[in-house]
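**Q** Chain by chain, the residues:
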Amino acid sequence: MIFPTKLLSRRPRKRFSGDGVVGGGLLAAVILIALVSPWLPLPDPLTNNLADIFMPPGTTTADGTHWLGTDQLGRDLLARILSGTRLSLMVVLLAAAIAAVIGTLLGMVAGYAGGWVDATIMRLMDIQLAVPFILLILLVMALFGTTLENIIIIMGVTSWAIYARVARAKTLELRELEFVEAVRAMGFSTPRILLRHILPNLATPLIVLLTLDIPRLIVLEASIGFLGMGIQPPTPTLGNLIGEGRSYMLLAQWLVLYPGLVIAALVIGCNLLGDSLLRKTHTRLD
Amino acid sequence: MLRYILSRLGQSVLVMFGVSLLIFYSLHLTGDPAAVMMPPGSSQAEIAHFRQAMGFDQPLLWQYGHYLNAVLHGDLGQSLRYDQPVTELIVQRVPATLLLAVTALAWSTIVGVLLGLVSAIWRNSFMDLLARLLAFSGQAIPVFWLGLLMILLFSLQLRWLPSSGYGSASQLIMPAISLGAYYMSAIARLVRASLIDVLHLDYLRTAQAKGLSQWRILIRHGLRNALIPVVTVQGMYFASLLGGALVTEIIFAWPGIGRLAVQAIQNRDFPLVQAIVLLAALVFVVVNLLIDLLYVVLNPRIRL
Chain X
1 MIFPTKLLSR RPRKRFSGDG VVGGGLLAAV ILIALVSPWL PLPDPLTNNL ADIFMPPGTT
61 TADGTHWLGT DQLGRDLLAR ILSGTRLSLM VVLLAAAIAA VIGTLLGMVA GYAGGWVDAT
121 IMRLMDIQLA VPFILLILLV MALFGTTLEN IIIIMGVTSW AIYARVARAK TLELRELEFV
181 EAVRAMGFST PRILLRHILP NLATPLIVLL TLDIPRLIVL EASIGFLGMG IQPPTPTLGN
241 LIGEGRSYML LAQWLVLYPG LVIAALVIGC NLLGDSLLRK THTRLD
Chain Y
1 MLRYILSRLG QSVLVMFGVS LLIFYSLHLT GDPAAVMMPP GSSQAEIAHF RQAMGFDQPL
61 LWQYGHYLNA VLHGDLGQSL RYDQPVTELI VQRVPATLLL AVTALAWSTI VGVLLGLVSA
121 IWRNSFMDLL ARLLAFSGQA IPVFWLGLLM ILLFSLQLRW LPSSGYGSAS QLIMPAISLG
181 AYYMSAIARL VRASLIDVLH LDYLRTAQAK GLSQWRILIR HGLRNALIPV VTVQGMYFAS
241 LLGGALVTEI IFAWPGIGRL AVQAIQNRDF PLVQAIVLLA ALVFVVVNLL IDLLYVVLNP
301 RIRL
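Just so you know, the sequences run in chain order X and Y. The first sequence begins at 1 in this note's numbering and counts up by one. The second sequence begins at 1 in this note's numbering and counts up by one.
Just so you know, the hints here were simulated from the structure itself, not pulled from any lab data. Computed from a predicted structure; not experimentally measured. Cβ atoms here follow ideal geometry from the backbone N, Cα and C, with glycine treated the same way. Only true hints are included.
Here are the computed distance ranges between Cβ atoms for each label pair:
(1) Ala29/X with Leu72/Y: 52 to 58 Å
(2) Ser247/X with Ser213/Y: 55 to 61 Å
(3) Gly55/Y with Ser247/X: 38 to 44 Å
(4) Thr281/X with Ile5/Y: 34 to 40 Å
(5) Thr281/X with Val233/Y: 18 to 24 Å
(6) Gly25/X with Ala106/Y: 33 to 39 Å
(7) Ile219/Y with Phe188/X: 53 to 59 Å
(8) Pro56/X with Ala106/Y: 37 to 43 Å
(9) Arg81/Y with Leu251/X: 32 to 38 Å
(10) Gln58/Y with Ile153/X: 26 to 32 Å
(11) Ala106/Y with Thr281/X: 33 to 39 Å
(12) Gly41/Y with Glu173/X: 55 to 61 Å
(13) Gln72/X with Leu298/Y: 50 to 56 Å
Listed below are several chain X residues computed to face chain Y (Cβ distance under 8 Å; list not exhaustive):
(14) Arg123
(15) Val131
(16) Leu136
(17) Leu138
(18) Val219
(19) Phe226
(20) Leu227
(21) Met249
(22) Gly260
(23) Ile268
The following block holds chain X by itself, in its conformation from the complex (with noise of 0.2 Å):
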């Protein structure tokens, strides 16, 4: 026998995984030091200090200890990589929202309303899927400049279909049940029905989504910042940190390293939160 006996039955559900406990803890300290980062004794991430140049993690020079090591202009690692932290965080976070506000209105709305209407949206939804996405905000930044508003805006309007098609199967559900039905036969606006109503039932499955969906931003935010067209150097983010590292790999490894080392702890922790409240809340994103 090879396999265990047990093979083909089902075993009960462990009532508690340390998953989403880890996952959890792993992303909020990532996000508590770097939001507390100002106010810690660390030198300013922007200023160069030429006669620091490429000091390996640990060094203790006159402005302190550099925990991290320095760069090719003098400057604390550690400093700009909590900096670069906030910022990639601020813009992935401000993109996400925008696409879940508008992939929830537009999905929500194809599933009540149906007909031409639903299968419009459809189509729209079809077409963002279809188009490489890092290409088409390759374009936009080349078109019209590599500004903070730009990339936000731009990661946020091509990252909304996921968020549609979730929403419109949800909705689907949820007008058959009868308490739709009853506050339609009440009169209410469809308005109303759709935000008072059956927008509070999509708040589960929504938010997991966010949370499975966010380490895929993070890392595209990354990427475009690598190929530098995001957010320009000097100031950092975790995706150019990478990227002006690589130039000078062989002479410091910490510079690639350690940027790349938050990137996963950052994409590890969500998907583990996200698996964890996938499973808890039994919900299905199919």
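Put chain Y on the given structure of chain X with help from the hints.
**A** Chain Y in isolation, oriented as in the chain X frame:
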């Protein structure tokens, strides 16, 4: 069945029409495409001349009709930088990207299915933990970071593999690994989840009651059904494939379409960018159409 195929075909045509509209208007959103496309520092007269030559002074609807007509006749425009039809430039780069993509997809599917299988069979064991950890890290590590770490280790430290270039098998290894890592993880997680879903179903108990061997049950009855979602997901991957290939090709100086696209954007060679976006969307739409049809064939419960 025929009705389904026709309606899916109609939807695909509609989507491509929308994509072409989007690509066409993206350039006009800036207000003056001629000013955007000309090199910085061009004189007003040069810009005006270029505007006339490109037909940007015509009504928008006329321009779109003109563009659509040209695209339908296989003319995707002229590259501003290389002064060559963009189709020629793209066709030259297709083999490199295709080689990279197929290699990445092949190894990631094989390893992903194996990992998922191991995870599902010995669920909640140490093996499962290990396999899931591997799958998890593949999804957490950004493509470009993995690529750089591999260059750091295998090219700069150990000097085992070349850090860039195209032509030999040793140059294919690292790009294929970094591009495939994400899919490997996704497939492993999907196979694990869907196999676990399938394993407790009645027909598997029937197969067991018949006295079939465990392996036979697992492979012929379990895995075969668990693989259906994998096929669908592979279609979706084609959408992100170009995105991943873009970054991978830049890191390893791989002469494929992704690198061509980034260079085109950096050179402000917009006709080339538009053509690449259009072709990528076309590939995505066609592949998804095929996958949908294949799905019907694979899953006998869907009869149209």
